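Position one of the sequence shown corresponds to residue 1 (UniProt numbering), numbered consecutively onward.
Hint data in this document are derived by calculation from the structure and do not stem from the laboratory.
Among the hints, erroneous ones may be present.
[To be verified] The list that follows gives simulated cross-link-like pairs (lysine to any residue, SDA-like), each with its CA atoms no further than 25 Å apart:
hint : residue 1 : residue 2
1    : Lys187    : Val231
2    : Lys168    : Ile342
3    : Lys83     : Gln13
4    : Lys225    : Pro174
5    : Lys83     : Ala135
6    : Lys38     : Gln60
7    : Lys396    : Gln538
8    : Lys208    : Cys267
9    : Lys32     : Gly61
10   : Lys291    : Glu9
11   : Lys211    : Leu246
12   : Lys510    : Arg255
13   : Lys198    : Thr164
14   : Lys291    : Leu5
15   : Lys53     : Glu77
16   : Lys225    : Ile527
17   : Lys285    : Glu295
18   : Lys462    : Leu494
19   : Lys208    : Asn298
20   : Lys510    : Tyr490
21   : Lys17     : Leu5
22   : Lys69     : Pro101
23   : Lys366    : Val401
24   : Lys203    : Met237
25   : Lys46     : Gln75
26   : Lys127    : Ile277
27   : Lys291    : Glu457
28   : Lys168    : Tyr481
29   : Lys220    : Leu138
30   : Lys406    : Glu375
31   : Lys366    : Ser356
32   : Lys402    : Ile548
33   : Lys412    : Val401
34   : Lys187    : Leu514
35   : Lys513    : Val231
36   : Lys275    : Val263
37   : Lys203    : Glu219
38   : Lys443    : Glu466
39   : Lys69     : Ile102
40   : Lys511    : Asp523
Source: prediction; values computed, not measured.
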Amino acid sequence: MREDLSYFEMRAQFFSKEQNQRVAFKMADLEKIWFCTKKNVKRKLKKYELAGKLSYEPGQGRGVHSVLKFVHPFQEEVEEFIKSSVEREHLEQIVHLLQLPIPKQWITSFSEEVKSLFGFQSPHENKDVLRTLIARNLTTLDPLYSSVTFECHIINQLGDTLVTYNQKEDRIEPHLAHHWREDNDYKIWTFYLRKGIKFHHQKHLTSKDVKYTFDRFNEKYSPHKWLTADVMEVEIMSPFSVRFHLKESNPFFLRYISSVNLVILPCDMIFDEHKWIGTGPFKLKERTDNKLIIEANNDYFLERPLLDEIQFWRVPIESAGKSTFEILTETNPIKPIKKQDIEVGFRFLAFNFNRSSVVDNLLFRKAIYHLLDMEKMWGDLNRKNLVPSTSYFPWKSTTPVKDNDKVEEYLKGSDYKGEILSLYALNYPAAIEEARWFSQVAKEKGINLEIKLFDLEGLFAKSIEEDAHMILLGDVSSIDYQLSFLGAFYNESLLFRRFFNEEQWSLIDKKLKLIKKASTNEDRERIMELVEQFLYEQRMIVFLHHPIRTRLFNPMIKDIEVASFAQINFQKLWVEPEEKDS
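Using the sequences and the accompanying hints, generate a full structural model.
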């Protein structure tokens, strides 16, 4: 049961107005903070007064403010509360406190104490639990809508698709379906389901669940509609066989249905992402605003996960720090191993062609291209390990040629007249730093940018394409690089589909349609390169860099694999038991 943190809520809201631990206020202020009546506000103040936390001086007369005099400095109280909660392992209280508007430097000062509660734990004998941190709110765990990498990774833990893509072998493999066959022109596909597979609520999987999942895409809006757009009918042949009739030939269809967005859901329940029911290796145990807990599915039809439970706790980014996978031991701490991976994906600047502005001018876009010199950015920001991007894929990227002298030349030929242009960027430290750098070098050339920050939850808002002239963002691939490339363009919630105009989209779509018709990898890769070449020639986006993800691992953690979306494969993770002195 969570402790009442009303006192800290009040102090956090009043802190900026405090002078010598005194604050003047109106009773209505506390009614809004505590969402209660005036009568209950007075009761709470009386309780805190009796507890020796404050003294309360009611205002006398109309318009006269009341005054609170606090006994202890707020920072001292926060630090004492954190220390006490860590000792008692009251994570819920800590996480709730960290959501309050507390000065960031305080959070940094006690981040190590908070992190001490995270890592691998064994709260009970023979039970392995991983606690880890997330630094933002979740968007959605509904496969119909989810387009964010972490959320898609969680969906992949909770559900299963008919088939899976084996990246190492570059082939589709059986999963919920043990066999399949297609007709000669790839318009009719038949799948045969494994028997005995159970959903988390113990219902057995049948072909009715497959039909329900695909019908759900037809009955509701989904930005992933492109995955099922070719499906004309899903025919139930028997309880364990199902046939797909496509509108046109699609040799790439198996890759489509291996997408995490097409995990199979039970037909006997209305989908509820807070009571997620699937067949996956993990089950949803608990989800609140501040935490997400998944536990191993003991009835999983394949190998059971080696971890028993994984807890994701939301804390401010100042407390989260780098991605760490630690183990708490009774002995001296073991120095972690640093592991760095270049993400398959890229950061980019996109221009909004659906809002009439100077970005429609190719010369202006060329000026921006040369202005965004990653080598200069890295040097100015004292960063290391630059991996410049000229492609979605790191192994295809080369060092771009940038010429600062051409910026003014192209600007003079454009229609730019000094107007303010809105630049959108994620409200995340690295993205903010890059946006500010871009704004500064642009200002030096006479380009006026107004930075507007947004959270991931706001990425899908219509207001972005209505207001933004440019946006700094990124895309990360699943293990199926070619499918992710298609999704980057076809996913209607992502920026390419929303920012490109109809003429541009028509030219790109003609090329993308050839990918699903192609019979070899080489042909698909060639078409993808043509798409990227078109983006470059028209400067529709500016490729920036490939991010490097740094993780710290305790060497006792075994079988670390990077799965889809640059996330850790939780199914394989395990901890070698610590040897104790005899």
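Going down the list of hints, with the structure as the test:
Using a Cα cut-off of 25 Å, the hinted pair Lys187 and Val231 holds, with the two alpha carbons roughly 9 Å apart. Between Lys168 and Ile342 the alpha-carbon distance is near 17 Å, which keeps this suggested pair within the 25 Å criterion. The straight-line distance between the Cα atoms of Lys83 and Gln13 is roughly 22 Å, inside the 25 Å bound, and the hint therefore holds. Between the alpha carbons of Lys225 and Pro174 the distance comes to roughly 24 Å, so the proposed pair stays at or under 25 Å and holds.
For the given pair, Lys83 sits about 21 Å from Ala135 by alpha-carbon distance, which is consistent with the 25 Å threshold. Straight-line distance between C-alpha atoms of Lys38 and Gln60 comes to about 16 Å, which keeps the hinted pair within the 25 Å bound. Of the supplied pair hints, the one linking Lys396 and Gln538 holds, its CA atoms being roughly 19 Å apart against a limit of 25 Å. Annotation: proposed proximity of Lys208 to Cys267 holds, straight-line Cα distance about 7 Å (limit 25 Å).
Proximity of Lys32 to Gly61 is assessed by CA-CA distance (about 21 Å); at most 25 Å being required, the pair is judged to hold. Note on Lys291 and Glu9: the hinted pairing holds, with a Cα-Cα distance of about 20 Å set against a maximum of 25 Å. Under the criterion of a C-alpha separation no larger than 25 Å, the hint pairing Lys211 with Leu246 is consistent with the structure, at around 14 Å. Of the pairs offered as hints, the one joining Lys510 and Arg255 holds, with about 19 Å between alpha carbons and a cut-off of 25 Å not exceeded.
This hinted pair checks out: Lys198 and Thr164 have alpha carbons roughly 18 Å apart, not beyond 25 Å. Pair hint Lys291 plus Leu5 holds up; C-alpha atoms about 17 Å apart against a cutoff of 25 Å. Proximity of Lys53 to Glu77 is assessed by CA-CA distance (about 10 Å); at most 25 Å being required, the pair is judged to hold. Between Lys225 and Ile527 the alpha-carbon distance is near 22 Å, which keeps this suggested pair within the 25 Å criterion.
With a C-alpha separation of about 6 Å, the suggested pair Lys285 and Glu295 falls inside the 25 Å cut-off, and the hint holds. Between Lys462 and Leu494 the CA atoms are separated by roughly 12 Å; this keeps the pair inside 25 Å, and the hint holds. Between Lys208 and Asn298 the CA atoms are separated by roughly 24 Å; this keeps the pair inside 25 Å, and the hint holds. Note on Lys510 and Tyr490: the hinted pairing holds, with a Cα-Cα distance of about 12 Å set against a maximum of 25 Å.
Straight-line distance between C-alpha atoms of Lys17 and Leu5 comes to about 20 Å, which keeps the hinted pair within the 25 Å bound. Annotation: proposed proximity of Lys69 to Pro101 holds, straight-line Cα distance about 20 Å (limit 25 Å). Between Lys366 and Val401, the direct Cα distance comes to roughly 12 Å. Compliance with the 25 Å bound is thereby established for this hinted pair. Annotation: proposed proximity of Lys203 to Met237 holds, straight-line Cα distance about 20 Å (limit 25 Å).
With a CA separation close to 22 Å, the supplied pair Lys46 and Gln75 stays within the 25 Å bound. Of the supplied pair hints, the one linking Lys127 and Ile277 holds, its CA atoms being roughly 23 Å apart against a limit of 25 Å. Among the hinted pairs, Lys291 with Glu457 is consistent with the structure: their alpha-carbon atoms are about 17 Å apart, no more than 25 Å. Using a Cα cut-off of 25 Å, the hinted pair Lys168 and Tyr481 holds, with the two alpha carbons roughly 12 Å apart.
Our distance criterion of 25 Å between C-alpha atoms is met by Lys220 and Leu138, whose separation comes to about 22 Å. Of the supplied pair hints, the one linking Lys406 and Glu375 holds, its CA atoms being roughly 17 Å apart against a limit of 25 Å. A distance of roughly 18 Å separates the Cα atoms of Lys366 and Ser356; the hinted pair therefore holds under the 25 Å criterion. Only pairs whose Cα atoms come within 25 Å are accepted, and Lys402 paired with Ile548 is accepted, the gap being roughly 22 Å.
Distance restraint check for Lys412 and Val401: the Cα-Cα separation of roughly 21 Å lies within the 25 Å cut-off, and the hinted pair is therefore satisfied. Under the criterion of a C-alpha separation no larger than 25 Å, the hint pairing Lys187 with Leu514 is consistent with the structure, at around 16 Å. With a C-alpha separation of about 16 Å, the suggested pairing of Lys513 with Val231 holds against the 25 Å cut-off. Restraint check for Lys275 and Val263: satisfied, since their Cα atoms lie roughly 15 Å apart, inside the 25 Å limit.
Only pairs whose Cα atoms come within 25 Å are accepted, and Lys203 paired with Glu219 is accepted, the gap being roughly 24 Å. For a cut-off of 25 Å, the pair hint linking Lys443 to Glu466 stands: about 24 Å separates their Cα positions. About 19 Å separates the Cα atoms of Lys69 and Ile102, which keeps this hinted pair within 25 Å; it holds. The hinted pair formed by Lys511 and Asp523 meets the criterion: a straight-line CA distance of about 12 Å does not exceed 25 Å.
In summary, this structure violates none of the numbered hints.
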